[in-house]
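Protein chains: 2
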Amino acid sequence: MYELLKTEGTARRAQFHTVHGTVQTPAFMNVGTSAAIKGGISSYDLVDLKCQVELCNTYHLHVRPGDELIYRRGGLHRFMGWERPILTDSGGFQVFSLAKLRKIKEEGVTFHSHVDGRKIFMSPEVSMQIQSHLGSTIAMAFDECVENPAPYAYSKASCERTTRWLARCKAEMDRLNSLPETINPHQMLFGINQGCTFDDLRIEHMKAIRELDLDGYAIGGLAVGEPKEEMYHIIEVVEPYMPKDKIRYLMGVGTPGNIIEAVARGVDLFDCVMPSRNARHGHLNTWQGIINLNNAKYAEDDRPIDETCDCPTCRHHSRAYIRHLLKANEMLGMRLAVMHNLYFYNTLMERIREALDEGRFAQFRAQYADLLDTRI
Amino acid sequence: MYELLKTEGTARRAQFHTVHGTVQTPAFMNVGTSAAIKGGISSYDLVDLKCQVELCNTYHLHVRPGDELIYRRGGLHRFMGWERPILTDSGGFQVFSLAKLRKIKEEGVTFHSHVDGRKIFMSPEVSMQIQSHLGSTIAMAFDECVENPAPYAYSKASCERTTRWLARCKAEMDRLNSLPETINPHQMLFGINQGCTFDDLRIEHMKAIRELDLDGYAIGGLAVGEPKEEMYHIIEVVEPYMPKDKIRYLMGVGTPGNIIEAVARGVDLFDCVMPSRNARHGHLNTWQGIINLNNAKYAEDDRPIDETCDCPTCRHHSRAYIRHLLKANEMLGMRLAVMHNLYFYNTLMERIREALDEGRFAQFRAQYADLLDTRI
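So the protein sequences, as listed, match chains A and B.
Going letter by letter, the first sequence gives residues 1 to 376 in UniProt numbering.
Going letter by letter, the second sequence gives residues 1 to 376 in UniProt numbering.
Do not take every clue at face value.
Subject to a maximum C-alpha distance of 30 Å in a straight line, what follows is the list of computed BS3-like cross-link-like pairs (lysine-lysine) [what the hints assert, rightly or not]: (1) B/K50 with A/K327; (2) A/K103 with B/K327; (3) B/K119 with A/K50; (4) B/K6 with A/K327; (5) B/K327 with A/K327; (6) B/K327 with A/K6.
If you want a taste of the chain A side facing chain B, the calculated C-beta under 8 Å gives, among others [stated by the list, open to error]: (7) A35; (8) I41; (9) Y44; (10) R73; (11) M80; (12) P151; (13) Y152; (14) I291; (15) N295; (16) A296; (17) Y298; (18) E300; (19) D302; (20) K327; (21) M334.
Hints were generated in silico from the structure; no laboratory data involved.
Each residue gets a CB set at the ideal place from its N, CA and C atoms; glycine is no exception.
Please take these sequences and the hints and turn them into a complete structure.
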């Protein structure tokens with residue numbers, strides 16, 4: 001349940017109540033693809049990193065270790081040792097980006113696993129069944145992610161199918177949530193807006209899916225390589241048609257600047273592999289911009305990554321030490337770097353919320369939207 | 001300074017006082033080769049794992065990031081964030097096992113770095129200078145590690161050179177410790193007994209090096225592939241010639257059973273990469289024996305690695321979860337496994353000490369020496 005607390009222009013400060021606790025929004029979800037954050041970060045570490053929601057990948061977990069195994073363990077929360085909300089994606093994005101030899105029909109998609117090549121069938125019903133097995137707090141609808149740029153006719157037909165799939169997702173989730181053996185009978189469903197970069201398709205699709213009165217609405221199919229101006233434009237086009245009383249999630253976004261700009265355009269929820277992936281390569285966020293720890297100038301730098309940061313890494317370790325570890329390919333280097341970047345992102349969201357609470361988000365945006373994306 | 005508290009047969013319970021704190025012995029040193037434990041374990045984690053002494057590798061740190069860089073950072077303790085004792089090896093073992101195209105002369109050894117092929121000269125003086133730069137609590141003497149089996153004549157000549165090198169190490173350390181810019185002017189020096197598997201060479205060499213009145217004595221050149229009975233035999237042969245009032249360190253050993261047997265033969269200090277390396281491959285120590293987490297039977301096992309263990313891993317995570325992480329090649333799997341095995345080893349030493357304190361070490365040895373090395 002979405003509880004709006006305050007607005008500033010189109011930006012929204014809210015709380016999202018779930019059976020696994022309340023999420024303060026705007027919020028950034030930390031991505032634990034295979035039931036773990038890459039970089040050796042456990043669920044217990046995530047609490048120290050101020051993470052509110054962990055995102056896990058349905059496709060990856062279905063392939064390995066298998067959603068039925070996780071179901072028999074009591075679900076993903078118990079399996080990982082994470083008590084707060086979990087969002088699972090639908091598998092759609094991975095089916096369309098990772099899997100090989102896929103075949104799309106009205107019924108669903110047949111494809112081969114990227115791990116062992118075995119044939120898998122995924123449909124709205126199957127995706128809901130897997131996510132029900134995982135017992136996540138929030139399940140995402142199974143949709144088709146169309147690559148940009150795409151022909152208009154294909155995009156339109158795909159959107160219409162995604163709408164039909166969404167109705168099937170909802171029906172299947174209602175059924176699953178009513179079963180006595182379901183791990184989380186309060187599982188929520190978010191629909192996903194598609195329509196590539198066509199304004200009219202985006203709007204028509206949004207109008208169609210809001211009719212289903214879901215627990216939240218996502219904007220999908222963005223941050224896949226298009227210019228950021230185009231992404232901001234699509235958000236602005238779709239936003240007026242998104243229900244005001246539902247949480248809004250911009251999938252796979254993004255840089256700190258992207259997040260600030262999307263919050264300004266009315267988005268509540270984000271996820272991205274960027275902070276952890278960049279960290280593993282030595283690209284670290286600071287409140288002065290992005291530093292590349294591989295640069296020789298940091299070899300003898302005894303300062304923490306960010307002198308104003310109080311994350312577990314910055315409290316104890318120097319740039320020189322972490323740079324050495326990354327150069328020596330020591331796992332510890334990656335872990336320390338990932339911890340910093342996740343903490344940075346979660347703290348960024350905290351500061352955005354504080355700015356909204358205090359009615360100074362416009363000022364915060366002016367100060368940080370460009371600065372935080374600058375390489376220094 | 002070695003303070004003997006109690007004995008049981010040849011086994012010794014003692015305290016070893018250093019400028020970085022007191023070590024309760026028998027003790028196991030945790031190996032952080034390149035200034036970090038492999039598996040993403042930080043110095044701060046090590047405190048939770050009950051580690052008393054961290055061992056770092058002179059050769060690796062000399063090659064990368066360079067001992068002078070670490071010296072300029074204030075030494076290894078500040079660089080890694082570890083306040084307790086550090087032992088650095090001499091580089092000798094790596095020079096003879098990792099480096100390419102080595103050339104041994106009386107003056108020292110010339111060889112090529114395993115990282116970038118660059119030519120490096122290492123000698124007793126150079127090794128002491130590097131270790132002084134690192135500022136470790138204990139420096140090891142620079143010796144030649146002869147491969148087993150070795151011809152008698154070569155072994156004898158090598159031992160004699162190692163003795164001459166030891167005198168040079170001592171003279172150089174005395175000089176370095178007296179310099180005003182030295183990081184740790186209280187750095188200690190341990191000599192290393194060599195002699196391959198020849199009883200008379202081992203004894204002669206031990207007699208020769210004990211004359212130098214060093215801070216401790218190590219037995220080197222063992223645990224390099226010989227049967228464990230041969231290793232135990234050499235310890236028994238040498239032990240009567242080791243000073244009673246000095247700490248004794250068996251280098252590179254070993255399994256829990258090896259450690260218990262060596263304690264029974266009068267050894268105080270150990271190090272080995274085995275617990276961390278085995279852990280990364282899913283081989284985990286328990287108080288019932290060694291389990292291989294890769295086995296299918298653990299796929300749905302919700303118990304911790306060891307039900308009697310209270311390490312950070314066993315307190316929170318199941319065999320099924322850790323097995324999944326290892327199979328999915330998630331760093332977190334390795335980190336959780338390594339934490340468990342290091343905690344196990346450090347707890348093993350704690351229990352050995354308790355058994356000695358309470359005069360029941362013989363009973364402990366009978367119960368555990370074989371059991372802990374058994375694969376179950």
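Structure-based check of all given hints:
1. B/K50 with A/K327: 28 Å, holds
2. A/K103 with B/K327: Holds, at roughly 29 Å.
3. B/K119 with A/K50: 48 Å, violated
4. B/K6 with A/K327: Given that 30 Å is the threshold and the Cα spacing comes to 46 Å, the pair is violated.
5. B/K327 with A/K327: 26 Å, holds
6. B/K327 with A/K6: Given pair B/K327, A/K6 is violated - Cα atoms ~46 Å apart, limit 30 Å.
7. A35: Holds, about 7 Å.
8. I41: OK, holds: A/I41 within 8 Å of chain B, min 7 Å.
9. Y44: 6 Å, holds
10. R73: Holds, about 6 Å.
11. M80: 7 Å, holds
12. P151: 37 Å, violated
13. Y152: Interface hint status for A/Y152: violated (40 Å vs cutoff 8 Å).
14. I291: 18 Å, violated
15. N295: 14 Å, violated
16. A296: 11 Å, violated
17. Y298: 11 Å, violated
18. E300: 6 Å, holds
19. D302: With a closest approach of 6 Å, the A/D302 hint holds.
20. K327: 7 Å, holds
21. M334: With a minimum Cβ separation of about 7 Å from chain B (threshold 8 Å), the hint on A/M334 holds.
Checked against the numbered hints above, the structure breaks hints 3, 4, 6, 12, 13, 14, 15, 16, 17 and satisfies the rest.
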